[in-house]
Amino acid sequence: MKVGKNLKTGFDRYLSSWKSTDDPAPGLYSVRIITQGVLQLVIEKGPKIQYSQGPWNGIAFEGRTSKLNPLTSPQHVLNDVEVYIMYELRDSSVETRLVLNSSGLVQSFLWRNGTHDWKLEMMPSPDICDQYAFCGKFAKCNINSSPVCSCLEGYFPHALDHDLIYGNQVPII
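Going by our numbering, 124 is the number at position 141 of the sequence shown; the sequence numbering is gapless.
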């Protein structure tokens, strides 16, 4: 699977959901790379970003894209012509598929030869910090901190400090 964009032609290669489990018409969700501003791998619902798998750090997308499936290895490319992420199988004898379901969740399936069916291998659940702009535009989110939201350097909470102490979301100014 390859998701990305040709920077010369503008061709956008993305993964889209089905309308429903039994209707293959295009659904509401897509996984794509956003090239405006900081490069990000995102899940969108229509034109609105729902989740970000992290910004480009110069080597890879930060976030959990490499942990989607232990059977695959993510390959990241950024050059003058294109930017993309591609998942290659570590073992060519295994068949796997990545699906963006009709609810906007990424699922990884593994083919079982014995039963001739696809087994849901893993479905990483996004944490609250994966929600796009969860803490606001002048804040950062760290799932390993309490509270998870903190101001970027030079910015201050728009509410009393007790909101931050108790983990409430507060606008940052």
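Take these hints with a grain of salt, some might be off.
Here are the simulated lysine to any residue pairs, SDA-like style, with alpha carbons at most 25 angstroms apart [claimed, not checked]: (1) K(-9) with N40; (2) K(-15) with V21; (3) K(-15) with L103; (4) K(-12) with G37; (5) K102 with N127; (6) K28 with I17.
To be clear, the hints were calculated from the coordinates, so they are not data collected in a lab.
Consistency of the hints with the structure:
For the given pair, K(-9) sits about 22 angstroms from N40 by alpha-carbon distance, which is consistent with the 25 angstroms threshold. Restraint check for K(-15) and V21: the C-alpha separation of about 20 angstroms stays at or below 25 angstroms, so the hint holds. For the hint pairing K(-15) with L103, the CA-to-CA distance comes to about 21 angstroms; that is within 25 angstroms, so the pair holds. About 17 angstroms separates the Cα atoms of K(-12) and G37, which keeps this hinted pair within 25 angstroms; it holds.
Between K102 and N127 the CA atoms are separated by roughly 31 angstroms; this puts the pair beyond 25 angstroms, and the hint is violated. Of the supplied pair hints, the one linking K28 and I17 holds, its CA atoms being roughly 14 angstroms apart against a limit of 25 angstroms.
The structure does not agree with numbered hint 5 stated previously, though it agrees with all others.
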